[in-house]
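Engineer: If you want the building blocks of each chain, they are given just below.
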Amino acid sequence: MTTTKHVDAEGRATIKGIICDILEIDEAEMTDTSRFKEDHEADSMGAIEILSQLERAFGIDIDQAELARMVNLEGVVTVVDEAVAAKAAASL
Amino acid sequence: MSELVLSAWSVVSPYGVGSAPFSAGIGAGTSAVGELDRAAWPGPFDRCGLVPDFTAAEYVGKKGTRTMDRVTAIAVTAVGRLLASCGDELTAHPEQIGLVLGTGSGSVQSIMDFTRDSLVGERPYHVDPARFPNTVMNRAAGQSAIWHGIKGPNTTVAGGWLTGLLALSYAVRLHRGGHCARVLCGAAEEYSTQRAWLEWHGRGVEERESPLGEGGAVFLMETVADAREAGRTPLARVLATRFRAYADRADAQKTLAECVGSALDKAGVAPEDIRLVAPLGAGAELAAPEEAGIEDALGTARPRWIRCRPLLGDTSAASTSLQLAAVLATAGESGLGPGEAALVTGIDRDGTVGCAVLGGPARA
Numbered sequence: 001m002t003t004t005k006h007v008d009a010e011g012r013a014t015i016k017g018i019i020c021d022i023l024e025i026d027e028a029e030m031t032d033t034s035r036f037k038e039d040h041e042a043d044s045m046g047a048i049e050i051l052s053q054l055e056r057a058f059g060i061d062i063d064q065a066e067l068a069r070m071v072n073l074e075g076v077v078t079v080v081d082e083a084v085a086a087k088a089a090a091s092l
Numbered sequence: 001m002s003e004l005v006l007s008a009w010s011v012v013s014p015y016g017v018g019s020a021p022f023s024a025g026i027g028a029g030t031s032a033v034g035e036l037d038r039a040a041w042p043g044p045f046d047r048c049g050l051v052p053d054f055t056a057a058e059y060v061g062k063k064g065t066r067t068m069d070r071v072t073a074i075a076v077t078a079v080g081r082l083l084a085s086c087g088d089e090l091t092a093h094p095e096q097i098g099l100v101l102g103t104g105s106g107s108v109q110s111i112m113d114f115t116r117d118s119l120v121g122e123r124p125y126h127v128d129p130a131r132f133p134n135t136v137m138n139r140a141a142g143q144s145a146i147w148h149g150i151k152g153p154n155t156t157v158a159g160g161w162l163t164g165l166l167a168l169s170y171a172v173r174l175h176r177g178g179h180c181a182r183v184l185c186g187a188a189e190e191y192s193t194q195r196a197w198l199e200w201h202g203r204g205v206e207e208r209e210s211p212l213g214e215g216g217a218v219f220l221m222e223t224v225a226d227a228r229e230a231g232r233t234p235l236a237r238v239l240a241t242r243f244r245a246y247a248d249r250a251d252a253q254k255t256l257a258e259c260v261g262s263a264l265d266k267a268g269v270a271p272e273d274i275r276l277v278a279p280l281g282a283g284a285e286l287a288a289p290e291e292a293g294i295e296d297a298l299g300t301a302r303p304r305w306i307r308c309r310p311l312l313g314d315t316s317a318a319s320t321s322l323q324l325a326a327v328l329a330t331a332g333e334s335g336l337g338p339g340e341a342a343l344v345t346g347i348d349r350d351g352t353v354g355c356a357v358l359g360g361p362a363r364a
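Just so you know, the sequences run in chain order W and F.
Here full-length UniProt numbering is used: the first residue of the first sequence is 1, the next is one more, and so on.
Here full-length UniProt numbering is used: the first residue of the second sequence is 1, the next is one more, and so on.
The hints are simulated quantities; they were obtained by calculation from the structure and are not laboratory data.
Possibly wrong hints are sitting among the right ones.
[What the hints assert, rightly or not] The list that follows gives simulated cross-link-like pairs (lysine-lysine, DSBU-like), each with its CA atoms no further than 30 Å apart: (1) W/K37 / F/K266; (2) F/K151 / F/K62; (3) W/K5 / W/K16; (4) F/K151 / W/K87; (5) F/K254 / W/K37; (6) W/K37 / W/K87; (7) W/K16 / W/K37; (8) W/K87 / W/K5; (9) F/K151 / W/K16; (10) F/K151 / F/K254; (11) F/K254 / F/K266; (12) W/K16 / F/K254; (13) W/K37 / W/K5; (14) W/K87 / W/K16.
Just so you know, these numbers come straight off a predicted model, no measurement behind them.
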């Protein structure tokens, strides 16, 4: 598991909830590494929805180029963690 | 020119989902307007003709409906039930089926919610992109076609209370122009706190308290030959639609009388052949001139009146489609009888009047 400094267990649960809601699957179906597209039938619109909902939930900006890394829960948590860190650094 | 008939219909109404509860309610004349749960539906009204227990997840399905708004779900449900009642043969050539759906402004709730998110969010683009399609007024018509695989021309019509009649008229022209073999035509309206406030502020003081309603009705329009070939009973022929405008409310009665007279002429229907009349009956100042205008046009004829408004509430853009459905519900499974005719009318507060004349089979 990747170590994240800014997204705690609660934040991770929030992320998982958002993704599962958008992909219309039970949270039990998703693992840290199950892939949205290959394993959960996500399409490009679903990916954009996930990105945008995370921006809203965490008050962060995520570049669309990051979609390439947002292929599973692990990848998304890493991207969100970096974005939260970037936001914290910017506000210093 | 091939005349169109209404050969199947489907309703989502405050009586419930389906034509059976609608027919029973209209037939018995029981009002479907009830107390509004103010916790779930804040706003200016405490009574409403709400479709009971209606949600997209319940009636359209759990998959793919997370961001489907209420008016879209009502339309998708009504179209789906209509198609289901007709069998697979109807959609065998989906590119030959048109869909004409009336709406008020689309979902004003969706439009306002999305705009609000953009204004109050941390960034203006922190909105839910999946909800954007709900903000355009042709969402319900488009989604109904996509959901059910209908690929013919797709049209959204908006015209206040007259919307259902305008959609009917448009559908006839669409078919006449050779753009489709069959047309699904109707209208849908949702209840929301946002629509309630818009109505509250837009109405005159004398009609402000009149409860709102919601629902949708969709009709299958096809030629008699196509209906017979498919084993469907033609329920009513669409004989004429007419629209007029008035500048002064004092002229509304006269304008409607002329409108109805002109439609009867076009239809070749004598006033005494009118068996059923379904007026809009909107607002305190427009219901009386509407009935008076109809009586002026019908003279000594004594038709049966079907008054939907007190039963369903003000269903706005869905009103005249639900009136049309009420006529078919009252006519029953065999439709209008030989030589019988029906009249659906409306006077809109913005200065338009309209009507449709339907008929049974020509007298032998």
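Engineer: The structure should be examined with respect to each hint, and the outcome stated for every one.
Structural biologist: Against the structure, the hints come out as follows:
Of the supplied pair hints, the one linking W/K37 and F/K266 is violated, its CA atoms being roughly 59 Å apart against a limit of 30 Å. At most 30 Å may separate the alpha-carbon atoms for a hinted pair to count; F/K151 and F/K62 meet this at roughly 24 Å. Pair hint W/K5 plus W/K16 holds up; C-alpha atoms about 17 Å apart against a cutoff of 30 Å. Of the supplied pair hints, the one linking F/K151 and W/K87 is violated, its CA atoms being roughly 47 Å apart against a limit of 30 Å.
Restraint check for F/K254 and W/K37: not satisfied, since their Cα atoms lie roughly 63 Å apart, outside the 30 Å limit. For a cut-off of 30 Å, the pair hint linking W/K37 to W/K87 stands: about 28 Å separates their Cα positions. Simply put, W/K16 and W/K37 have alpha-carbon atoms about 15 Å apart, close enough for the 30 Å limit, and the pair holds. At most 30 Å may separate the alpha-carbon atoms for a hinted pair to count; W/K87 and W/K5 meet this at roughly 13 Å.
For the proposed pair F/K151 and W/K16, the alpha carbon gap of about 37 Å is over 30 Å, so the pair is violated. A hinted pair counts as satisfied when its Cα atoms are at most 30 Å apart, and F/K151 with F/K254 does not qualify at roughly 42 Å. For the proposed pair F/K254 and F/K266, the alpha carbon gap of about 18 Å is at most 30 Å, so the pair holds. The straight-line distance between the Cα atoms of W/K16 and F/K254 is roughly 64 Å, outside the 30 Å bound, and the hint therefore fails.
Restraint check for W/K37 and W/K5: the C-alpha separation of about 27 Å stays at or below 30 Å, so the hint holds. Only pairs whose Cα atoms come within 30 Å are accepted, and W/K87 paired with W/K16 is accepted, the gap being roughly 21 Å.
Figure legend: structure checked against the earlier numbered hints; hints not met, in rising order: 1, 4, 5, 9, 10, 12.
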